[in-house]
Amino acid sequence: MKEIVVVSGKGGTGKTSITAALAFLSSEAITLADCDVDAANLHLLFGVKYDEGEEFYSGQLAKIDQNKCKSCGRCKAVCHFDAITESEGQYFISQIDCEGCGYCARICPQTAINMNDNMAGKLYDSTTRFHTPMVHARLGIAAENSGKLVAKVKEKAREVAVKNKSDYILVDGSPGIGCPVVSSLSGADYVLIVTEPTVSGIHDLERVYEVVKQFDLEAGVVINKNDLNISKSKEIKEYLQKNKVELLASFPWHQEFSESLALGKIVGEKENSTLKPILIKLWEKIKESI
Amino acid sequence: MIIAITATGNSLDEQVDPRFGRAKYICIHDTENGTNKFVDTGDIASLPGGAGPKMAQKIIGEGTGVLITGNGPGNNAHGVITRAGIKVYAGAQNYTIKDALAAFENGELEEF
Numbered sequence: 001m002k003e004i005v006v007v008s009g010k011g012g013t014g015k016t017s018i019t020a021a022l023a024f025l026s027s028e029a030i031t032l033a034d035c036d037v038d039a040a041n042l043h044l045l046f047g048v049k050y051d052e053g054e055e056f057y058s059g060q061l062a063k064i065d066q067n068k069c070k071s072c073g074r075c076k077a078v079c080h081f082d083a084i085t086e087s088e089g090q091y092f093i094s095q096i097d098c099e100g101c102g103y104c105a106r107i108c109p110q111t112a113i114n115m116n117d118n119m120a121g122k123l124y125d126s127t128t129r130f131h132t133p134m135v136h137a138r139l140g141i142a143a144e145n146s147g148k149l150v151a152k153v154k155e156k157a158r159e160v161a162v163k164n165k166s167d168y169i170l171v172d173g174s175p176g177i178g179c180p181v182v183s184s185l186s187g188a189d190y191v192l193i194v195t196e197p198t199v200s201g202i203h204d205l206e207r208v209y210e211v212v213k214q215f216d217l218e219a220g221v222v223i224n225k226n227d228l229n230i231s232k233s234k235e236i237k238e239y240l241q242k243n244k245v246e247l248l249a250s251f252p253w254h255q256e257f258s259e260s261l262a263l264g265k266i267v268g269e270k271e272n273s274t275l276k277p278i279l280i281k282l283w284e285k286i287k288e289s290i
Numbered sequence: 291m292i293i294a295i296t297a298t299g300n301s302l303d304e305q306v307d308p309r310f311g312r313a314k315y316i317c318i319h320d321t322e323n324g325t326n327k328f329v330d331t332g333d334i335a336s337l338p339g340g341a342g343p344k345m346a347q348k349i350i351g352e353g354t355g356v357l358i359t360g361n362g363p364g365n366n367a368h369g370v371i372t373r374a375g376i377k378v379y380a381g382a383q384n385y386t387i388k389d390a391l392a393a394f395e396n397g398e399l400e401e402f
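First to last, the sequence lines map onto chains L and F. Residues in the first sequence are numbered consecutively from 1, following our numbering. Residues in the second sequence are numbered consecutively from 291, following our numbering.
Be aware that a few hints might be false.
Claimed, not checked - With a straight-line Cα cutoff of 27 angstroms, these simulated DSSO-like cross-link-like pairs (lysine-lysine) come out:
id: 1; chain 1: L; residue 1: Lys122; chain 2: F; residue 2: Lys314
id: 2; chain 1: L; residue 1: Lys213; chain 2: F; residue 2: Lys314
id: 3; chain 1: L; residue 1: Lys234; chain 2: L; residue 2: Lys285
id: 4; chain 1: L; residue 1: Lys156; chain 2: F; residue 2: Lys344
id: 5; chain 1: L; residue 1: Lys122; chain 2: F; residue 2: Lys344
id: 6; chain 1: L; residue 1: Lys2; chain 2: F; residue 2: Lys314
id: 7; chain 1: F; residue 1: Lys314; chain 2: L; residue 2: Lys156
id: 8; chain 1: F; residue 1: Lys314; chain 2: L; residue 2: Lys165
id: 9; chain 1: L; residue 1: Lys213; chain 2: F; residue 2: Lys377
id: 10; chain 1: L; residue 1: Lys163; chain 2: F; residue 2: Lys314
id: 11; chain 1: L; residue 1: Lys213; chain 2: F; residue 2: Lys348
id: 12; chain 1: F; residue 1: Lys348; chain 2: L; residue 2: Lys2
id: 13; chain 1: F; residue 1: Lys327; chain 2: L; residue 2: Lys213
What the hints assert, rightly or not - Chain F residues, not near chain L, derived (Cβ > 12 angstroms throughout):
id: 14; residue: Glu304
id: 15; residue: Asp307
id: 16; residue: Ile318
id: 17; residue: Thr321
id: 18; residue: Gly324
id: 19; residue: Asp330
id: 20; residue: Leu337
id: 21; residue: Glu352
id: 22; residue: Asn361
id: 23; residue: Thr386
id: 24; residue: Asn396
id: 25; residue: Glu398
id: 26; residue: Glu400
To be verified - Partial list, computed: chain L residues near chain F (C-beta under 7 angstroms):
id: 27; residue: Ser58
id: 28; residue: Gly59
id: 29; residue: Ser146
id: 30; residue: Gly147
id: 31; residue: Lys148
id: 32; residue: Ala151
id: 33; residue: Val182
id: 34; residue: Ser186
id: 35; residue: Gly187
id: 36; residue: Tyr190
id: 37; residue: Gln214
id: 38; residue: Phe215
id: 39; residue: Asp216
Just so you know, the hints here were simulated from the structure itself, not pulled from any lab data. For glycine and all other residues, C-beta sits at the position ideal for the given N, C-alpha and C.
Required output: the full structure, derived from the provided sequences and hints.
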């Protein structure tokens, strides 16, 4: 079983669309994992519904025990996040603004402040409309994706993949280059980077590739919307050549992407899809590279 | 010398954990007397962020001279580790702990 992680650095390059298309078109057994938890939408394309799910805890939030509080206000004075408000002599901690640093709990003379584990969201182990197993998560209000949650999604996906005897785990990675991306990449066998010929596309490709290099992982690149800006596309190709990274495919800008998205369908799903042959070729190339 | 190895379980027959920061266990191998100690690092794995630097701190505290891991460490943790003078050997995720130690002794692991 091999794990392929798809990343992009920049948002909007087509990372999720391409991940979905590869999972849909491959003839191998796949388990999907959506680690783009902040803006998860892989489940929309695959027609997955959120069911009961498994509660996921991350970090802590402070709460005042009003029976013990003597309203001295020292907690409000030390809070760096303006999370504590006073109303008619009573103090309250906003569960949205609290960052869980624990300063207030530490200095409270009455020890009236408790640090409680924060239910950040839920983890789901679902089946798509194509019967592909898929592990994904949904965050609560004001909760953020974390390396921990990504690790959890990946760990669950591995469990599911073993149970289903999947050949590949296909991971829709987190955007950016921070902690969730580091966590997405850990344990990968191959990294697919999706980029586009724009100033920010190149900039973020370089940044995310630096992270991939740090992990000593095999990587290949797809340029999406290749004909949007020919000179920028050339710039990407030169960068890849210089860094000895394989260019796996170049996709033209194609209406099928936005059309499919509008219909909640996967690119390559409609009959006589123009992009289907390029996508299948891309998948073959990825398999050869692993 | 102390060799720290990221481990998926607490025995020498378990696989090397590809993760650095959120590894399940860390095996502390002392080359002087050949002893192995497994440290449960579940507390680090449950941090929402900054697991890598925390794990770096942990292995520095153990007096580590060499680290054997899989894909690790990310940039932040790597900075801490190299500044502490620890040598990193990555790409060992397909070995068991026992085999990884043998591979290291035979010079089969590559310094990262």
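Cross-check of the supplied hints:
no.	hint	result
1	L:Lys122 x F:Lys314	holds, 22 angstroms
2	L:Lys213 x F:Lys314	holds, 24 angstroms
3	L:Lys234 x L:Lys285	holds, 21 angstroms
4	L:Lys156 x F:Lys344	holds, 24 angstroms
5	L:Lys122 x F:Lys344	holds, 26 angstroms
6	L:Lys2 x F:Lys314	holds, 21 angstroms
7	F:Lys314 x L:Lys156	holds, 15 angstroms
8	F:Lys314 x L:Lys165	holds, 24 angstroms
9	L:Lys213 x F:Lys377	holds, 18 angstroms
10	L:Lys163 x F:Lys314	holds, 21 angstroms
11	L:Lys213 x F:Lys348	holds, 24 angstroms
12	F:Lys348 x L:Lys2	violated, 30 angstroms
13	F:Lys327 x L:Lys213	violated, 31 angstroms
14	Glu304	holds, 15 angstroms
15	Asp307	violated, 8 angstroms
16	Ile318	holds, 21 angstroms
17	Thr321	holds, 25 angstroms
18	Gly324	holds, 29 angstroms
19	Asp330	holds, 16 angstroms
20	Leu337	violated, 7 angstroms
21	Glu352	holds, 21 angstroms
22	Asn361	violated, 4 angstroms
23	Thr386	holds, 16 angstroms
24	Asn396	holds, 20 angstroms
25	Glu398	holds, 16 angstroms
26	Glu400	violated, 9 angstroms
27	Ser58	holds, 5 angstroms
28	Gly59	holds, 5 angstroms
29	Ser146	holds, 4 angstroms
30	Gly147	holds, 6 angstroms
31	Lys148	holds, 5 angstroms
32	Ala151	holds, 5 angstroms
33	Val182	holds, 4 angstroms
34	Ser186	holds, 4 angstroms
35	Gly187	holds, 4 angstroms
36	Tyr190	violated, 12 angstroms
37	Gln214	holds, 6 angstroms
38	Phe215	holds, 4 angstroms
39	Asp216	holds, 5 angstroms
Hints 12, 13, 15, 20, 22, 26 and 36 from the earlier list are contradicted by this structure; the remaining hints agree with it.
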